[in-house]
Amino acid sequence: MPSYKKHILFSLIMIFPFFPDVYYLSLAVVGASVVDLDTSFRYRNLVLMALAGGILALILPFFQITSFTGILLISIALFFFVAQHRGFVHSVPGTALAAACLALFVISFQNILMILTPDPRITFLLTSLILGIIVLNRGLLILYALLVTSGIFLTPLTSFNFFYVATALFVGSLSHLILDLFTGSGVKLFDPLSKHRYGKMTGLFIIALWLVSVAVLYIYPGENYLSLNYFLTTFPQLTTFNPMGII
Numbered sequence: 069m070p071s072y073k074k075h076i077l078f079s080l081i082m083i084f085p086f087f088p089d090v091y092y093l094s095l096a097v098v099g100a101s102v103v104d105l106d107t108s109f110r111y112r113n114l115v116l117m118a119l120a121g122g123i124l125a126l127i128l129p130f131f132q133i134t135s136f137t138g139i140l141l142i143s144i145a146l147f148f149f150v151a152q153h154r155g156f157v158h159s160v161p162g163t164a165l166a167a168a169c170l171a172l173f174v175i176s177f178q179n180i181l182m183i184l185t186p187d188p189r190i191t192f193l194l195t196s197l198i199l200g201i202i203v204l205n206r207g208l209l210i211l212y213a214l215l216v217t218s219g220i221f222l223t224p225l226t227s228f229n230f231f232y233v234a235t236a237l238f239v240g241s242l243s244h245l246i247l248d249l250f251t252g253s254g255v256k257l258f259d260p261l262s263k264h265r266y267g268k269m270t271g272l273f274i275i276a277l278w279l280v281s282v283a284v285l286y287i288y289p290g291e292n293y294l295s296l297n298y299f300l301t302t303f304p305q306l307t308t309f310n311p312m313g314i315i
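Just so we're aligned: 164 in my numbering is position 96 of the sequence shown, and the numbers increase by one with no gaps anywhere.
These aren't lab readings, by the way, just hints derived from the structure by calculation. Just to be clear, a hint being listed does not mean it is correct.
As the list claims (entries may be wrong) - Here are the in silico distance ranges between beta carbons for each label pair:
no.: 1; residue 1: Ile210; residue 2: His264; range: 36 to 42 Å
no.: 2; residue 1: Phe149; residue 2: Phe84; range: 28 to 34 Å
no.: 3; residue 1: Ser135; residue 2: Arg206; range: 15 to 21 Å
no.: 4; residue 1: Leu80; residue 2: Phe149; range: 52 to 58 Å
no.: 5; residue 1: Lys74; residue 2: Ile139; range: 31 to 37 Å
no.: 6; residue 1: Leu214; residue 2: Ser108; range: 15 to 21 Å
Said to hold, decoys possible - Dumping the calculated DSS-like pairs for lysine-lysine here, alpha-carbon to alpha-carbon at most 30 Å:
no.: 7; residue 1: Lys73; residue 2: Lys268
no.: 8; residue 1: Lys263; residue 2: Lys73
no.: 9; residue 1: Lys263; residue 2: Lys74
no.: 10; residue 1: Lys74; residue 2: Lys268
Even for Gly, the Cβ is constructed at its ideal location relative to N, Cα and C.
Given only the sequences and the hints, what does the whole structure look like? Please build it.
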């Protein structure tokens, strides 16, 4: 089984051509790590996630804000707690659902932070750090915090929208599955729709598709469906998606 360090490195390789911004790189790292929260030795992370969700659910009503964000975080923790390792979470439908729920949490949490501070860099940083604390391996936290903090404040301000967030989390999660395809047991990619286990050949095929996508993006920047600007132009509502309507 690939180590968490290999999963993190591979997630950065997968996402960098499409989202070179530090904030979205950090979300991809979170996405790659969250897939393994279905293992018993990561229950500490789930306890932290549930506690953070409970605190938010109790505190937010005092600021006239719905408890949705906290309840959502608790629900995500319960989802991973009852999940079987290498089961639904280690599948394309499972990672898509997990990434969508996490993206919804990120959007709603940042909407709350934007009420407290006008500086988007601070909201990016706090979101990345909190996700890192409750998801990442403890041995990585200090380096992650240093790189994310310096990266967010030393690089140009990035754009923020639901499409970017959800895609970065999903690609990070998908990168985890791709590496697991090269293990002896393989991965049930389409569980629960299919129990068939896929292996190395499928992993090589997905990597080939990724290489083609990267090549197309850089040969025809801004002129094809892979362009980020294409999505923002076609679906401008994605830049202002607000699940709670609090701003």
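Hint by hint, here is what the structure shows:
no.	hint	in the structure
1	Ile210 / His264: 36 to 42 Å	41 Å, holds
2	Phe149 / Phe84: 28 to 34 Å	32 Å, holds
3	Ser135 / Arg206: 15 to 21 Å	29 Å, violated
4	Leu80 / Phe149: 52 to 58 Å	28 Å, violated
5	Lys74 / Ile139: 31 to 37 Å	34 Å, holds
6	Leu214 / Ser108: 15 to 21 Å	30 Å, violated
7	Lys73 / Lys268	20 Å, holds
8	Lys263 / Lys73	28 Å, holds
9	Lys263 / Lys74	26 Å, holds
10	Lys74 / Lys268	17 Å, holds
Hint compliance for this structure: hints 3, 4 and 6 are not met, and every other hint is.
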